[in-house]
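Undergrad: As a plain string of letters, each chain reads:
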Amino acid sequence: MKRLLLSATLALAPVAGHAAEGERVQVKGEIIDTWCYYSGVMGGPEAVVGSAHHTCALWCSAGGIPVGLLGEDGEIYMVLKIEGDDGSASGDTQLKLASHEIEADGILYKRDGLNYLVVEEVVADLGITNLNHEDFGPVPGFAIPKPKK
Amino acid sequence: MKKFILSLACMALPMAASAEDFSANSEAKTWNLFAEQPARFEAKVVDILCELSGDCPDNCGDGKRQLGLLRAADGVLVYPNKNSQPAFTGAALELAPYCQADVEVDGLMIEDPDLGAQNVYLIQKIRNVGDAEWVKANTWTKKWAAAHPEAKGKGPWFRRDPRVKAKIEKNGYLGLGLETDEAFIADWFSE
Numbered sequence: 001m002k003r004l005l006l007s008a009t010l011a012l013a014p015v016a017g018h019a020a021e022g023e024r025v026q027v028k029g030e031i032i033d034t035w036c037y038y039s040g041v042m043g044g045p046e047a048v049v050g051s052a053h054h055t056c057a058l059w060c061s062a063g064g065i066p067v068g069l070l071g072e073d074g075e076i077y078m079v080l081k082i083e084g085d086d087g088s089a090s091g092d093t094q095l096k097l098a099s100h101e102i103e104a105d106g107i108l109y110k111r112d113g114l115n116y117l118v119v120e121e122v123v124a125d126l127g128i129t130n131l132n133h134e135d136f137g138p139v140p141g142f143a144i145p146k147p148k149k
Numbered sequence: 150m151k152k153f154i155l156s157l158a159c160m161a162l163p164m165a166a167s168a169e170d171f172s173a174n175s176e177a178k179t180w181n182l183f184a185e186q187p188a189r190f191e192a193k194v195v196d197i198l199c200e201l202s203g204d205c206p207d208n209c210g211d212g213k214r215q216l217g218l219l220r221a222a223d224g225v226l227v228y229p230n231k232n233s234q235p236a237f238t239g240a241a242l243e244l245a246p247y248c249q250a251d252v253e254v255d256g257l258m259i260e261d262p263d264l265g266a267q268n269v270y271l272i273q274k275i276r277n278v279g280d281a282e283w284v285k286a287n288t289w290t291k292k293w294a295a296a297h298p299e300a301k302g303k304g305p306w307f308r309r310d311p312r313v314k315a316k317i318e319k320n321g322y323l324g325l326g327l328e329t330d331e332a333f334i335a336d337w338f339s340e
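Which chain is which? The protein sequence lines are L and D, in order.
Note that the first sequence covers residues 1 to 149 in this note's numbering.
Note that the second sequence covers residues 150 to 340 in this note's numbering.
Hints were generated in silico from the structure; no laboratory data involved.
Keep in mind it's a predicted model, so treat the numbers as computed, not measured.
From the three backbone atoms N, C-alpha and C, an ideal C-beta is built for every residue, glycine too.
Please note: incorrect hints may appear among the correct ones.
[What the hints assert, rightly or not] Capping the alpha-carbon separation at 25 Å, the derived lysine-lysine pairs in BS3-like fashion look like this:
1. D/Lys-213 to D/Lys-292
2. D/Lys-178 to D/Lys-292
3. D/Lys-213 to L/Lys-96
4. D/Lys-291 to D/Lys-213
5. D/Lys-319 to D/Lys-303
6. D/Lys-314 to L/Lys-96
7. D/Lys-285 to L/Lys-110
8. L/Lys-148 to D/Lys-285
9. D/Lys-314 to D/Lys-285
10. L/Lys-146 to D/Lys-178
11. D/Lys-301 to L/Lys-96
12. D/Lys-285 to L/Lys-146
13. L/Lys-149 to D/Lys-314
14. D/Lys-292 to D/Lys-303
15. L/Lys-28 to L/Lys-149
16. D/Lys-292 to L/Lys-96
17. D/Lys-301 to L/Lys-146
18. L/Lys-148 to D/Lys-303
19. D/Lys-285 to D/Lys-178
20. D/Lys-193 to D/Lys-314
21. L/Lys-146 to D/Lys-303
22. D/Lys-178 to D/Lys-291
23. D/Lys-193 to D/Lys-285
24. L/Lys-149 to D/Lys-292
25. D/Lys-319 to L/Lys-148
26. D/Lys-292 to L/Lys-148
27. L/Lys-96 to D/Lys-319
28. D/Lys-213 to L/Lys-110
29. L/Lys-149 to D/Lys-303
[To be verified] Facing chain L, from chain D, some residues (calculated, C-beta under 7 Å):
30. Leu-182
31. Val-225
32. Cys-248
33. Tyr-322
34. Leu-327
[To be verified] So, partial list: chain L residues that the calculated Cβ filter (under 10 Å) puts toward chain D:
35. Thr-34
36. Trp-35
37. Tyr-37
38. Cys-56
39. Leu-58
40. Cys-60
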C-alpha cells in the first residue's frame, strides 16, 4: 500500500518544473510564424505559410513572435535554439530561415501539449519550396505595397 | 485508504486535462479569433529553454529568449506567443522585466486542437502578484524604436526595420528573388 501511495504521489511530480528528458529527433519541414498559424488571424493554415506569407513571416520573426517548424507530420515544433543561437525572440538565425524548408536534427521536448525543439544542426536548408503565392496572393494583402504609378 | 488514493489520483486529473476555467474575472478584450478564450491567472515567468533543458543564462536571456508562464494553479507551462499590439510583435520583451517573478496576467488563451494549439497565449496586461496597477503589454514598438534610432521615420516599424528591409531588398517580398517578385507584382497589381 505504501508503494501505491508513493506512485500516486509521484504522478503529481512532473508539474513541478524540472528540466525534462529530451529525445533526439530529425524533423523536415518549414520554418513558420506560429501566431498566424495558431490564431487564424490571417486565414487558414494553408495561407499562412510559404511564399504567400514570406513577408509576414519576416515581420513576425523580427517582431519576436515564436517561430515553429511545421513538420511533414503536420506537427508544430516550437523552435527554441538553432545551431547554438538561442535568440528565439527576434534572433538572426531564425530570421534568415523564415519560410525555408529545412531538415533539422535536434532534441525534442514535449510539455503541456506543445512540442519544443532545440535544433542542433540544420542538416539541409532547401530554401522556400512552398510556392503558394499564385494561389493566395500576398498574405496579408498589404504585405506587398502597391507600386506607385 | 482507497478513498485517499482516489483523491490523490483525482488531484492529478486537472493537470493532465488542463480543464480548469481561467476566464473568471478576466477583462481581456476580444480579438475575434476562432479559438480565443479570456484567461487571467497567476504564474511564474520562466525562460522556456531553461525550464525544459536546464540551459539557463542569467536574467532569462535578457529578452532574446522566449519566456513562458508557469501557471500557479496547475503547473502548466503557458506559451505567450503575442503581446497586445496588432503589429506582428511577440511577448518576450513584455515579460523580460519579470524574469522569475510571480505575476498575474490577463489575455486570451488559444486552444485549437485541429491546429495543435494548446496553452498558446496572447498577453494583454501583467502585474506582479500583490500589485494594484496593471501594466499593459504593449511596449514592444517603443522598445524597438529605442533600439533602432537609425530607422526613425513614418510608417509602421515593420516597414522600417533594417534587417527586414535588407532581406526584402535582397530576395523580394516572396523570398524567391527579385525577378520572380517583379513578375508577380506586375501581374498581381495589373488592372
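Undergrad: Give a verdict on every hint.
TA: Hint check results:
1. Simply put, D/Lys-213 and D/Lys-292 have alpha-carbon atoms about 13 Å apart, close enough for the 25 Å limit, and the pair holds.
2. Annotation: proposed proximity of D/Lys-178 to D/Lys-292 holds, straight-line Cα distance about 23 Å (limit 25 Å).
3. Restraint check for D/Lys-213 and L/Lys-96: the C-alpha separation of about 16 Å stays at or below 25 Å, so the hint holds.
4. Distance restraint check for D/Lys-291 and D/Lys-213: the Cα-Cα separation of roughly 16 Å lies within the 25 Å cut-off, and the hinted pair is therefore satisfied.
5. For the given pair, D/Lys-319 sits about 22 Å from D/Lys-303 by alpha-carbon distance, which is consistent with the 25 Å threshold.
6. Using a Cα cut-off of 25 Å, the hinted pair D/Lys-314 and L/Lys-96 holds, with the two alpha carbons roughly 12 Å apart.
7. For the hint linking D/Lys-285 to L/Lys-110, the alpha-carbon distance of about 30 Å lies beyond 25 Å, and the restraint is violated.
8. A C-alpha spacing of about 38 Å is found between L/Lys-148 and D/Lys-285, which places the hinted pair above 25 Å, so the restraint is violated.
9. A threshold of 25 Å between alpha carbons decides the hint, and for D/Lys-314 with D/Lys-285 the separation of about 29 Å lies outside it, so the pair is violated.
10. Restraint check for L/Lys-146 and D/Lys-178: not satisfied, since their Cα atoms lie roughly 32 Å apart, outside the 25 Å limit.
11. Of the pairs offered as hints, the one joining D/Lys-301 and L/Lys-96 holds, with about 23 Å between alpha carbons and a cut-off of 25 Å not exceeded.
12. Proximity of D/Lys-285 to L/Lys-146 is assessed by CA-CA distance (about 34 Å); at most 25 Å being required, the pair is judged violated.
13. A hinted pair counts as satisfied when its Cα atoms are at most 25 Å apart, and L/Lys-149 with D/Lys-314 qualifies at roughly 22 Å.
14. For the proposed pair D/Lys-292 and D/Lys-303, the alpha carbon gap of about 17 Å is at most 25 Å, so the pair holds.
15. For the given pair, L/Lys-28 sits about 42 Å from L/Lys-149 by alpha-carbon distance, which is inconsistent with the 25 Å threshold.
16. At most 25 Å may separate the alpha-carbon atoms for a hinted pair to count; D/Lys-292 and L/Lys-96 meet this at roughly 22 Å.
17. Restraint check for D/Lys-301 and L/Lys-146: the C-alpha separation of about 22 Å stays at or below 25 Å, so the hint holds.
18. Between L/Lys-148 and D/Lys-303 the CA atoms are separated by roughly 17 Å; this keeps the pair inside 25 Å, and the hint holds.
19. This hinted pair checks out: D/Lys-285 and D/Lys-178 have alpha carbons roughly 12 Å apart, not beyond 25 Å.
20. Taking the CA atoms of D/Lys-193 and D/Lys-314, the gap is near 36 Å; set against the 25 Å cutoff, the hint is violated.
21. This hinted pair checks out: L/Lys-146 and D/Lys-303 have alpha carbons roughly 17 Å apart, not beyond 25 Å.
22. Distance hint between D/Lys-178 and D/Lys-291 is fulfilled; the C-alpha atoms sit about 22 Å from each other, no more than 25 Å.
23. Between D/Lys-193 and D/Lys-285 the alpha-carbon distance is near 18 Å, which keeps this suggested pair within the 25 Å criterion.
24. The straight-line distance between the Cα atoms of L/Lys-149 and D/Lys-292 is roughly 35 Å, outside the 25 Å bound, and the hint therefore fails.
25. For the given pair, D/Lys-319 sits about 20 Å from L/Lys-148 by alpha-carbon distance, which is consistent with the 25 Å threshold.
26. Of the supplied pair hints, the one linking D/Lys-292 and L/Lys-148 is violated, its CA atoms being roughly 31 Å apart against a limit of 25 Å.
27. The straight-line distance between the Cα atoms of L/Lys-96 and D/Lys-319 is roughly 12 Å, inside the 25 Å bound, and the hint therefore holds.
28. Taken as a hint, the D/Lys-213 and L/Lys-110 pair is honoured in the structure, with Cα atoms around 22 Å apart against an allowance of 25 Å.
29. At roughly 20 Å between alpha-carbon atoms, L/Lys-149 and D/Lys-303 fall within 25 Å of each other, so this suggested pair holds.
30. Hint status for D/Leu-182: holds, given a least beta-carbon distance of 5 Å to chain L, under 7 Å.
31. The beta carbon of D/Val-225 comes within 5 Å of a beta carbon in chain L, closer than 7 Å, and the hint placing it at the interface holds.
32. Interface restraint check for D/Cys-248: the shortest CB-CB distance to chain L comes to about 13 Å, outside 7 Å, so the restraint is violated.
33. The interface hint given for D/Tyr-322 is met, as the beta carbon of that residue sits about 5 Å from the closest beta carbon of chain L, less than 7 Å.
34. Because the beta carbon of D/Leu-327 sits about 13 Å from the nearest beta carbon in chain L, more than 7 Å, this interface hint is broken.
35. Against a cut-off of 10 Å between C-beta atoms, the interface hint on L/Thr-34 holds, since the closest Cβ of chain D lies about 6 Å away.
36. Against a cut-off of 10 Å between C-beta atoms, the interface hint on L/Trp-35 holds, since the closest Cβ of chain D lies about 5 Å away.
37. Taking 10 Å as the C-beta contact cut-off toward chain D, the hint placing L/Tyr-37 at the interface holds, the least distance being around 7 Å.
38. The restraint placing L/Cys-56 at the interface with chain D holds, with a minimum CB-CB distance near 7 Å, inside the 10 Å limit.
39. The beta carbon of L/Leu-58 is positioned within 10 Å of a beta carbon in chain D (closest approach about 5 Å), and the interface hint is therefore held.
40. Taken as an interface hint, L/Cys-60 checks out: its beta carbon lies about 5 Å from the nearest beta carbon of chain D, inside 10 Å.
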